[in-house]
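Respectively, the protein sequence lines represent chains W and Z. With our numbering applied, the first sequence has no gaps in its numbers, which climb one by one up to 81 at the end. With our numbering applied, the second sequence has no gaps in its numbers, which climb one by one up to 522 at the end.
Calculated directly from the structure, the hints in this document are not laboratory data. None of the values given here were measured: they were computed from a predicted structure. Among these hints, one or two may not hold up.
[As the list claims (entries may be wrong)] In silico lysine-lysine, DSSO-like type, Cα no more than 30 Å apart, as pairs:
| id | chain 1 | residue 1 | chain 2 | residue 2 |
| --- | --- | --- | --- | --- |
| 1 | W | LYS58 | Z | LYS364 |
| 2 | W | LYS63 | Z | LYS369 |
| 3 | Z | LYS437 | W | LYS63 |
| 4 | Z | LYS364 | Z | LYS382 |
| 5 | Z | LYS356 | W | LYS58 |
| 6 | Z | LYS356 | W | LYS30 |
| 7 | Z | LYS288 | Z | LYS219 |
| 8 | Z | LYS256 | Z | LYS382 |
| 9 | W | LYS63 | Z | LYS301 |
| 10 | Z | LYS521 | W | LYS30 |
| 11 | W | LYS57 | W | LYS47 |
| 12 | Z | LYS289 | Z | LYS301 |
| 13 | Z | LYS132 | W | LYS30 |
| 14 | Z | LYS437 | W | LYS30 |
| 15 | Z | LYS331 | W | LYS30 |
| 16 | W | LYS63 | Z | LYS364 |
| 17 | Z | LYS377 | W | LYS30 |
| 18 | W | LYS63 | Z | LYS382 |
| 19 | Z | LYS331 | Z | LYS256 |
| 20 | Z | LYS517 | Z | LYS58 |
| 21 | Z | LYS58 | Z | LYS132 |
| 22 | Z | LYS218 | W | LYS30 |
| 23 | Z | LYS292 | Z | LYS256 |
| 24 | W | LYS57 | Z | LYS288 |
| 25 | Z | LYS437 | Z | LYS356 |
Here is what each chain is made of, one letter per residue.
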Amino acid sequence: MDGAPRFLNRLFRFYYEGFRNMSEWGRKVWVIIIIKLFIIFVILKIFFFHDFLQKKYDTDKQRSEYVLEQLINSSEKHD
Amino acid sequence: MIENVDLALVGWSRAQFALTAAYHWLFVPLTLGLSFIIAIMETIYVRTGSEEWKRITRFWMTLFGINFAIGVATGIILEFEFGTNWSNYSWFVGDIFGTPLAIEGILAFFLESTFFAVMFFGWNKVSKKFHLLSTWLVAAGASLSALWILVANAWMQNPVGMVFNPETARNEMVDFWAILFNPVAIEKFLHSISSGFLLASMFVLGVSSWYLIKKREELFARRSILIASIFGLLSSLLVAFTGDRSARTLAKVQPVKFASMEALYEGRNNAGLVAIGFLKDSDKKIGKEVVKDFIFKIELPGFLSILTGGDINGYVPGIIDHITGNKEKEILSVSEKIERGQYARRVLTDYKNARAAGDKELTEKTNAVFYDKEFRDKYFRYFGYAFIDNQEDVLPSVSASFYSFHLMVMLGFYFILVFALAIYFIFRGTLLKNKWFLWVALFSIPLPYIAGEMGWMLAEMGRQPWIIQDLMPVAAAVSQISPGSVITTFILFAILFTALLIAEVSIMITQIKTGPKH
Numbered sequence: 003m004d005g006a007p008r009f010l011n012r013l014f015r016f017y018y019e020g021f022r023n024m025s026e027w028g029r030k031v032w033v034i035i036i037i038k039l040f041i042i043f044v045i046l047k048i049f050f051f052h053d054f055l056q057k058k059y060d061t062d063k064q065r066s067e068y069v070l071e072q073l074i075n076s077s078e079k080h081d
Numbered sequence: 005m006i007e008n009v010d011l012a013l014v015g016w017s018r019a020q021f022a023l024t025a026a027y028h029w030l031f032v033p034l035t036l037g038l039s040f041i042i043a044i045m046e047t048i049y050v051r052t053g054s055e056e057w058k059r060i061t062r063f064w065m066t067l068f069g070i071n072f073a074i075g076v077a078t079g080i081i082l083e084f085e086f087g088t089n090w091s092n093y094s095w096f097v098g099d100i101f102g103t104p105l106a107i108e109g110i111l112a113f114f115l116e117s118t119f120f121a122v123m124f125f126g127w128n129k130v131s132k133k134f135h136l137l138s139t140w141l142v143a144a145g146a147s148l149s150a151l152w153i154l155v156a157n158a159w160m161q162n163p164v165g166m167v168f169n170p171e172t173a174r175n176e177m178v179d180f181w182a183i184l185f186n187p188v189a190i191e192k193f194l195h196s197i198s199s200g201f202l203l204a205s206m207f208v209l210g211v212s213s214w215y216l217i218k219k220r221e222e223l224f225a226r227r228s229i230l231i232a233s234i235f236g237l238l239s240s241l242l243v244a245f246t247g248d249r250s251a252r253t254l255a256k257v258q259p260v261k262f263a264s265m266e267a268l269y270e271g272r273n274n275a276g277l278v279a280i281g282f283l284k285d286s287d288k289k290i291g292k293e294v295v296k297d298f299i300f301k302i303e304l305p306g307f308l309s310i311l312t313g314g315d316i317n318g319y320v321p322g323i324i325d326h327i328t329g330n331k332e333k334e335i336l337s338v339s340e341k342i343e344r345g346q347y348a349r350r351v352l353t354d355y356k357n358a359r360a361a362g363d364k365e366l367t368e369k370t371n372a373v374f375y376d377k378e379f380r381d382k383y384f385r386y387f388g389y390a391f392i393d394n395q396e397d398v399l400p401s402v403s404a405s406f407y408s409f410h411l412m413v414m415l416g417f418y419f420i421l422v423f424a425l426a427i428y429f430i431f432r433g434t435l436l437k438n439k440w441f442l443w444v445a446l447f448s449i450p451l452p453y454i455a456g457e458m459g460w461m462l463a464e465m466g467r468q469p470w471i472i473q474d475l476m477p478v479a480a481a482v483s484q485i486s487p488g489s490v491i492t493t494f495i496l497f498a499i500l501f502t503a504l505l506i507a508e509v510s511i512m513i514t515q516i517k518t519g520p521k522h
């Protein structure tokens, strides 16, 4: 019955001790990973990389109509 | 090519994607290859119980960890770019691109959070065999992760297994297995992972040679070189074999890219394969494009004919055949493809107009056309040609294709020689006497990186103007956003990736100088 909590406890200890006893290079790269993920997911994603169609239209129908228009009209100029 | 599209926007969007992908590929191949080398080393440790092999394994695992940590998530940025800069493309490809990328994301998450942790935290905490299993699973998982990305890329080079749904303006997957077993995907996967194995082998060989030059860690270095040179030789032979297979497939599915990488303008029988050559502008033109000529070349007679058809006298179509067409060889001209693409586009326009007018019968009738196999095979497959103005617009840069291909191939043969020499010296016991070779090995570390980047340059620049071969040109795929925002993020990426690369190199150099722990 107490198999699952014991397993979770062992799992927690495994990661906890792993991080606690990490080497110097390990600590350095973790700092780099955290900074990098912050730049990618907080700065770049939130401020610079909006999903163009998600932001511009509310529904998939509107998005498909916009793309259909793009496919037809931008190529029609070349007849 | 497309008048209503800002060419600066297209150029910067392409440059940003190229920058991100090129930097990403600096981290990936070492992860792919070093994971297998570590797994082999750890297998020897578990089988022999030798503490020296454990020490060797742990040292290379440290360098693997640094590379993995710095490189992780750099590929996510490419996915951001699809949604922001390439929204027409992202919508048009539908679930075909999303499904492999989602599988890759889930696989990578489970791999990294479980077995990767066991690899680094599990020494002396889990059994030797479970630790070894985790190392092998990380290696296999990294390659499997690459498979899904390459399946997505291969679909862009050779779109198969889908139907275009005009109602949603998206391509829908109808045959998952055709997409997974797309010949371009299989060959691209094998060629890419084997090039990663090769790169990692050269890395291990070069770093170990440095220890021998410095007269440090002789046993460690010799054992590392033994593994790296055998694994490297096998990998470089696999790279050559899969490269040859890729070129054969390319001749069928992307014939213009194939002719461009050989700078073959006029098709001929008994066509030679250019071993070395230099190009110059000739006084001939195809439309606005200047035809290239050779200043100098060394050619292997008949080899290109053998490569494409297995027959020394076989006909290999040139760039001109693909531009003006060749009825005898059943090659359509660009003009014919443009007409077919325009017909497909007219059917799409009829569908759109019928839907807008509320004409249910005509809407259903035109919608059904897109599910007709003959229409798909004869017309819709050339849909992208409706965007093409001039026949020469379907030509990629012949110089970029030619030089990237030939530099990659020359380096490929060089790697075979280096690994073969390493094996020869190590079995003869003369490695230390041949110090010149140790220097050669050390300075060869960057070369597989260059070869890998050349390979991607050929794959991506060689298929221009297409983002999806024959279906969608790059200029039609781009989002209508401000070029200024793309330039800003381009600069941000350049700074971020350069900082990451400097961090990786400096941490690695520190660890290499420290050496394996006793």
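* Which of the numbered hints above does this structure break? -> Of the numbered hints given earlier, those the structure breaks are 3, 6, 7, 9, 14, 15, 17, 24 and 25, listed in rising order.
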